[in-house]
Structures are given as C-alpha cells and as structure tokens.
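J.: For reference, the chains in residue letters:
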Amino acid sequence: MIYLTRRATFSASHFYWNPAWSDERNNQVFGRCANRNGHGHNYTLEVTVAGEPDPVTGFVVDLKWLKDLMEREVLAAWDHRHLNLDVPEFAATESAAKIPTTENLAIAAWNRLQPAIAAAGAQLNRVRIYEAPEIFAEYRGEP
Amino acid sequence: MKAYFGRRYMISASHCLHSDTLTAEENRATYGKCNNPNGHGHNYVIEVLVGGAVNSETGMVLDLAALDEVVRTKVIDRFDHTNLNLDQLFVNRVPTTENLCRVVFALLKDALSAGKLERVRVEETENNFFECIAE
Numbered sequence: 001m002i003y004l005t006r007r008a009t010f011s012a013s014h015f016y017w018n019p020a021w022s023d024e025r026n027n028q029v030f031g032r033c034a035n036r037n038g039h040g041h042n043y044t045l046e047v048t049v050a051g052e053p054d055p056v057t058g059f060v061v062d063l064k065w066l067k068d069l070m071e072r073e074v075l076a077a078w079d080h081r082h083l084n085l086d087v088p089e090f091a092a093t094e095s096a097a098k099i100p101t102t103e104n105l106a107i108a109a110w111n112r113l114q115p116a117i118a119a120a121g122a123q124l125n126r127v128r129i130y131e132a133p134e135i136f137a138e139y140r141g142e143p
Numbered sequence: 001m002k003a004y005f006g007r008r009y010m011i012s013a014s015h016c017l018h019s020d021t022l023t024a025e026e027n028r029a030t031y032g033k034c035n036n037p038n039g040h041g042h043n044y045v046i047e048v049l050v051g052g053a054v055n056s057e058t059g060m061v062l063d064l065a066a067l068d069e070v071v072r073t074k075v076i077d078r079f080d081h082t083n084l085n086l087d088q089l090f091v092n093r094v095p096t097t098e099n100l101c102r103v104v105f106a107l108l109k110d111a112l113s114a115g116k117l118e119r120v121r122v123e124e125t126e127n128n129f130f131e132c133i134a135e
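Chains as they are written, first to last, in the working numbering: chain A, 1 to 143; chain B, 1 to 135.
The following block holds chain A by itself, in its conformation from the complex (with noise of 0.2 angstroms):
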C-alpha cells in the first residue's frame, strides 16, 4: 500500500461560540477564540490517500486530479471566508451547525472528499488540518 499526500493552503476567520452557552461560560471556554469579530488563521490542509499505483500509470490517484477535487471541494468554499457565516458546516443558521475548531475542520475536509475519491476508486486515508505551524488535527474516518 502506498500513501500519497497533498497539501494546499487557505485563509479563513471564525471564531468559537457555543449557542447553549452563557456568554461567561464561553469565554471562559474558549477565551480569546470566542471574540464574535472574529480572528483568522493561514491553514493548511494535507490529504493522504491510500493505494496500490496503477499498473499502467504508476499512481495510486493523480495529483493534478487530487489538486483540483481539494480546490473545488474545500477551497472554494472555504478560502478567504468566514467560517461561522459562509460555510454552511459551520453557519450559525443551521440547525446542526458544528463549530468550526480545527478538529471540526477535518472532520468536514474528509466529508466534503471522501466520497469522489471512493468512486475514483482510491481510499481516503487521512485529512489533516494545521491551523498554525504548530498546531494541527486530523480525522481517519474514525467513528
């Protein structure tokens, strides 16, 4: 089995808030995270499918065909937006809105890929998100 890997870049703001929550509770949570304008973050979203390369092509999937399913995917909905007000995951609106912490993240990233890359026929491994150089979470499709 090989485990290919691609990474991509976007910039988004949030902030963390939770509705059934006191203001002083959410604060005291999440501090300086809950400021309702917002703060943003450079993230960095690194995908990691599964494999056995093609006989013919030598690839487990093809990176350009990868790069543009996390572009149409992900990026575009998710680069240089808001999280908590343009990404319906994350929208206050919704009723099952999630908040969009870095684990939540990925959790979407792998929902939003998982299932054209299934019907390509490759097997998505592991999505991680680093908000931060420093920072990161990742979800393998676990329940």
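Honestly, the hints are just simulated from the structure, not real lab data.
Hints may contain errors.
[Said to hold, decoys possible] Okay, derived cross-link-like pairs now, DMTMM-like style, lysine to aspartate or glutamate, Cα gap no bigger than 25 angstroms in a straight line:
(1) B:Lys33 - B:Glu126
(2) B:Lys109 - B:Asp80
(3) A:Lys98 - B:Glu126
(4) B:Lys109 - A:Glu142
(5) B:Lys2 - A:Glu46
A quick note: this is a predicted structure, and the numbers were derived from the prediction, not measured.
Place chain B on chain A using the hints.
T.: Same frame as chain A, now just chain B:
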C-alpha cells in the same frame, strides 16, 4: 467521532552520548561526534498527538491550554535549557533521541486529562526524528 489533535513544542538541551557498558574506544566508534565528553546541543521539536472523541459541546478533542500546561510542567520545565545527561531519568539511560522520545511518552501518558496519547515524535534536527506510538 474520533479525531486527533497535534501540537508541536520546542526545547533546547545538551547531551553527550556515552554508554558506561562500552569502552572509551567503543563509545567513540559507536557515537562518533556525539561522544564528545563536553556535550553538544539541539533544538528539539516535540510533537504530541492525542486522540479521542470530539466533544459535542466544544468541538474539541481536548483543551489546548490544558495540553500546554501538562507538556510544560512534565516535559518543558524539566528538560528545556538543561543537560539531559544530568537528569535523573538518564542516569542509567543514554540520552539518545530514541530514549528521550520514550521518556517523554511515559511522562505524558498518564498526565492527560482528556484524550489518549497516541504518538510522541521528537525531531532532533531537521533531518531526523523518532516516534513512540501507543501500543
């Protein structure tokens, strides 16, 4: 849903690789430049990976500030700007980065309040790193 949270920390420390069970000549042959008895130092990067269920109220596997506090008190305060050979944990252990990695894993393993320690990676330089994975 299980996810993983990773955080990178840096410490600067010195060490000398020398095993009391080897002769002086064997030590030089085994450890080369690293056997300089006066020691030398590195900027170590310690990457900690914690796995666990994403809390439905916070969206987090664990609180970053709580993780920072554990790593600071258990590891950074102990080793940063020190000579590793003089630490109690390296009295009978050569302070190779393999052993440092194991020691850091053991110090953190039981100290986390949320999530499970999945992996510790210690980067000794930009060109080499060592990992200790929960088994």
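J.: Can you list which hints this structure breaks, lowest number first?
T.: Hint 3 contradicted; others consistent.
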